[in-house]
Structure formats: C-alpha cells, structure tokens
Amino acid sequence: MPSIEVRGDEALVRHAIAVVTKVNKPCRRSRTLVVFGCLVSVACLGGRTAGAAAQQAPTSQSSPAIPASPLPAPFPAAPRPPAQPRFVVVLDAAHGGSDTGARLGDPLLEKDIVLALSVRLRSMLTARGIAVITTREADGTLLPVNRAETANHALAAACISLHATATGSGVHLFTSSLPATPPASRFLPWQTAQSGSITQSLRLSSEINSAMAHAEVPVSLGRTSLQPLDSFACPAVAVEIAPLSAAGGSQPAALSDASYQARVVDALAGAIQQWREDWRQQP
Amino acid sequence: MIPRYQKIIFWILLGAAILMSIVLIRLRERAHDRLQTAADKMPLNAPPIAPAETVTMLVANDADGSLSPVDQQIALPEEPGARARILLQRLLAGYAEPHSTHHVAASTGVEEVFLMPLARQKEGQMAVVNLSGAFVEGHPSGIETETMTLLSIIGTLHTNLPQITQVRFVVDGQPRETLAGHADLTRVYLAEDKSVEVRR
Numbered sequence: 001m002p003s004i005e006v007r008g009d010e011a012l013v014r015h016a017i018a019v020v021t022k023v024n025k026p027c028r029r030s031r032t033l034v035v036f037g038c039l040v041s042v043a044c045l046g047g048r049t050a051g052a053a054a055q056q057a058p059t060s061q062s063s064p065a066i067p068a069s070p071l072p073a074p075f076p077a078a079p080r081p082p083a084q085p086r087f088v089v090v091l092d093a094a095h096g097g098s099d100t101g102a103r104l105g106d107p108l109l110e111k112d113i114v115l116a117l118s119v120r121l122r123s124m125l126t127a128r129g130i131a132v133i134t135t136r137e138a139d140g141t142l143l144p145v146n147r148a149e150t151a152n153h154a155l156a157a158a159c160i161s162l163h164a165t166a167t168g169s170g171v172h173l174f175t176s177s178l179p180a181t182p183p184a185s186r187f188l189p190w191q192t193a194q195s196g197s198i199t200q201s202l203r204l205s206s207e208i209n210s211a212m213a214h215a216e217v218p219v220s221l222g223r224t225s226l227q228p229l230d231s232f233a234c235p236a237v238a239v240e241i242a243p244l245s246a247a248g249g250s251q252p253a254a255l256s257d258a259s260y261q262a263r264v265v266d267a268l269a270g271a272i273q274q275w276r277e278d279w280r281q282q283p
Numbered sequence: 284m285i286p287r288y289q290k291i292i293f294w295i296l297l298g299a300a301i302l303m304s305i306v307l308i309r310l311r312e313r314a315h316d317r318l319q320t321a322a323d324k325m326p327l328n329a330p331p332i333a334p335a336e337t338v339t340m341l342v343a344n345d346a347d348g349s350l351s352p353v354d355q356q357i358a359l360p361e362e363p364g365a366r367a368r369i370l371l372q373r374l375l376a377g378y379a380e381p382h383s384t385h386h387v388a389a390s391t392g393v394e395e396v397f398l399m400p401l402a403r404q405k406e407g408q409m410a411v412v413n414l415s416g417a418f419v420e421g422h423p424s425g426i427e428t429e430t431m432t433l434l435s436i437i438g439t440l441h442t443n444l445p446q447i448t449q450v451r452f453v454v455d456g457q458p459r460e461t462l463a464g465h466a467d468l469t470r471v472y473l474a475e476d477k478s479v480e481v482r483r
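So the protein lines, in turn, are chains A and B.
Okay, so the first sequence: first residue is 1 according to my numbering, each after it adds one.
Okay, so the second sequence: first residue is 284 according to my numbering, each after it adds one.
Think of the hints as simulated: they come from the structure by calculation, not from any bench.
Be aware that a few hints might be false.
[What the hints assert, rightly or not] Here's a subset of chain A near chain B, in silico, CB distances under 7 Å, partners left out:
1. Ala138
2. Thr141
3. Phe174
4. Gln227
[Said to hold, decoys possible] Covered stretches of chain B, going by a simulated chain A footprint (3 or more residues, C-beta under 8 Å):
5. 401-413
6. 466-472
[Stated by the list, open to error] Residues of chain A placed beyond 10 Å of chain B at every Cβ, according to the derived structure:
7. Phe87
8. His95
9. Ala131
10. Gly140
11. Thr167
12. His172
13. Ser256
14. Gly270
For each residue, glycine too, the CB sits at the ideal point set by N, CA and C.
Given only the sequences and the hints, what does the whole structure look like? Please build it.
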C-alpha cells in the first residue's frame, strides 16, 4: 500500500484515508466512495493550508526581508493566549421534598437545614464576587442524576454537597472513594465521573479542613461512596455538619445554633475564596 | 323421592368413611408410639461443642470517627457462611447496647451471608451480606455513621475471613440504593480498599 504523508488536520485526513482504504472492492459503488474520500481529503488539506497561510500572513508582513515560500510551511499555528475559564461554585443542598434526610430533632430535618445553609453560603460567596449555582432553591425532590447534571453542565471549579447529621461532632469532610484516574478521556462514565477529579477534590478538602481548623471547628476527614458525589466531574467535597459536642474541649452547640452555622458557613466561604486563588494559579 | 338403593349406598359409604377415619387415627397413634419408643432407645450423643475462638471485631466510634480492633472469644461454626453471619450478628448486637460507641437499631441486623467464588479470579470470595429491613430502617442517617457501619462490617469480615475480598449488600434479599439515605449500597466494596475510611 502506498504511504501517504499526512499533514494539517491529521484526524480528519486519517478518517478520510480510512474511508478510502476500507473500500477496496472493484465495483462502481466503491469507486464512488473512493472518489468521495479523496475529495474530502483534498478539501480538508486545502482548508487547513489556507487557514494556516492566513494565520501566518501577519508574521510574514512583520518580517519582509525573509522571502515567502511558495509552499506553506507545515508548522503549527501561533498559540493563542488561553481564555481564563469562569470560576463557578456549585452548592448542592442534599435531599429535598419527600426525601427528608436525617431527622435532627423535632421538627428539624436535614433537608431544611442544608437548604438554609446553602442559601446563606450562596449569599456570602456572591458578596465576595464568586459565581454560584445551586442545585435547589426550594423544598423539592431532586434526583442525584439531576444534581450531577447541574454541576457537570456548569463546568464548576468546586462542588460542595451540603449534609447534616445528628451523630458525631463538628464537620465531617468526605471525598469520593473512587480510585484516582488521570482526566485523559473527553468522555467519562457517569457513575464514576469523579475519579478524574479526585486529586483536586482532596486538595479542596484540605483547604476546607484548614479553614475549619482556623475557625476552631473540629473536622473529620474521610472517603465514601455517595451519590451524586461520585458523578460530579469537578473538584467535589461532601460537607456534613454535626452538632458540636463538648468532648473536644469546644463549646457545645446544636445544629440550629445560628452562631455555629455562621462559623461553619464563614469558614466554607473563606476556604472557597482561597481555593479560587489556588485555582487561578493552576496550569 | 330418593330411591332405596341410593339410601343404602349412602349409608354404606358413610360407614366406610367413619371406619377409615378410626383406622387412620389408630395407625397414626401406633406410628407415633413406635417413633417415641425408638427415640427413647437411641443413645444420646452430645452435640458438637465448637471451642471458643478469638475473633477481631473492627468497632466503630462515632466520637472520633475511628475503627478500633477489639478481640472477643466466641464459638463459631465450621461453615464459613455461618461463621460470617454469626460474626456480624455479634458485631451489630454490640452496637445496639446502651453504652455503644456507634449506635444502631437493636435488631437481628444480618439475616444471612452468602459466600460466592469470584468469577474472574482464582482466589478470593465475594460476601453478599443480607441486612434485615428492620436494621436498615432504624439505622441513623448520616454520611459518617453509615460509612462507619459499612466499613466496620467489611473490615470485620476481611479480618476474620481473609478469603473475602469483595462485599456486596442487599436488604431483605433485594438491592437497595442507600443504607439510610447516604452510603451507596449498589456498589461492590473491595475489602482491601483502604481508600474508604474515616480519620481524624
């Protein structure tokens, strides 16, 4: 088989060559496909070289001493400065509607307290100039898949899933227990989309841990299997808030304590703001 | 008007039915007496008493989010599935006690544990733990407490039965999404996976 030198948009050309070489039967239909494939190849090469020539035109104008080559050089186009993506935070108030979550006391329900915390945190982040998307703003039933859709479509820089519990003390930070994989693929399995962001999620968790320690809120770190956390394709941490017990030498506080809630939310906002600074410095 | 011959047949059949009933009752009594006599004459064998073994329970602690190994002496049957069930029932019974460090509902907890060979691996078994519905309904809701329960079960199984490398959970024989609203019960847990843990 004759070798073909491939330049320019290699993927498109290879596809066209594949179409041409796949059909090798000497029939009328195959000949038509071969001609069509050749036309596609020529069109792709022509378009690519024309585009490259157009991009190279200013460079050649800025240096007139160098004579222009009759054939376009196959070097790549000049790199453009990458556009800075928007820093968006997704706040996921867990449960809602018929899914009440944990019963934290009469009549305190997990779904209500996490919604209140989400609204409070959103206001605080917005005041600091951070774009926030919430998965729910009211008491409605929302499936985990819908929450993950919201987060993944937003291309969020941080996803915080808010939970509350009556057991334990302080704040429990959980990241996904999925094994970390390099985010090489453009397509991720929905159920394990978080695996490509595990390293960043652990960094985000560490950031929140530092902020909580600064606010003198006891923290436990852990990894778990939780939906929709495992489906988030962004740095994601589940923050579970428990009442403060006197065991750690801290002042006991109930989940309904407004000052305790304010401490936790303030620490979270500070951690996310710090995460934004770190995120901007990331390559 | 009922013919005479039909009346005669009726009374004959009725008599036969009564007679057969009496015979059957008598035969049943004789069979019962025979079995009773045979049982009385059989020598009594003492049931095999399994010696108490030292087992290690991984006990969860809600206060500091830790799993601590605790040794206990219990008698276990020979069959691995039954051993696993007794182990877990003892573990969960401990959690239901008043001064437990990890409170769960007082119930049987584990109905059955099925051990299955892994399809694509030469070694190792998968344990399918059938939790009771009452236990799951009464379990406290929360990421940490649910994760601790699962880790405690998985760790206790793997520590005492090292051939168990994977664990799945069902509730009353049926798959279930979560334990009590948080921890995922649809996935297969790797018993040697240290990434699923809680630490201070």
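- Query: If you take the shortest Cβ to Cβ gap from Gln227/A to chain B, is it below 7 Å?
  - Reply: holds (6 Å)
- Query: Taking a Cβ-Cβ distance under 8 Å as contact, does the segment 466-472 of chain B have three or more residues in contact with chain A?
  - Reply: Holds: 4 residues of the segment 466-472 of chain B have a Cβ under 8 Å from chain A.
- Task: Report holds or violated for the interface hint on Thr141/A, using the least CB-CB distance to chain B and a cut-off of 7 Å.
- Result: violated (13 Å)
- Query: Holds or violated: is the Cβ of Ala138/A closer than 7 Å to a Cβ in chain B?
  - Reply: violated (20 Å)
- Message: Beyond 10 Å on every Cβ pair: is that true for Gly140/A relative to chain B?
- Response: Per Cβ check, Gly140/A is outside 10 Å of chain B; nearest 17 Å; holds.
- Message: Minimum C-beta separation from Phe87/A to chain B exceeding 10 Å: can you confirm that?
- Response: Non-interface label on Phe87/A holds, nearest chain B Cβ at 26 Å vs cutoff 10 Å.
- Query: Against chain A, does the segment 401-413 of chain B show at least 3 residues with beta-carbon separation below 8 Å?
  - Reply: violated (count 0)
- Item | Outside-interface status for Ser256/A - nearest CB in chain B farther than 10 Å | Its Cβ never comes within 10 Å of chain B, the nearest being 16 Å, so this holds.
- If you take the shortest Cβ to Cβ gap from Phe174/A to chain B, is it below 7 Å? With Cβ-Cβ at 5 Å, under 7 Å, it holds.
- Once the closest CB in chain B is found, is it more than 10 Å from Thr167/A? violated (4 Å)
- Message: Please verify that the nearest CB of chain B lies beyond 10 Å from Gly270/A's CB.
- Response: Since the minimum Cβ distance to chain B is about 22 Å, Gly270/A lies beyond 10 Å and the statement holds.
- Task: Hey, is His172/A genuinely clear of chain B, shortest beta carbon separation above 10 Å?
- Result: It is violated; His172/A is separated from chain B by about 5 Å at its closest Cβ, not greater than 10 Å.
The structure shown violates the earlier hints numbered 1, 2, 5, 8, 11, 12.
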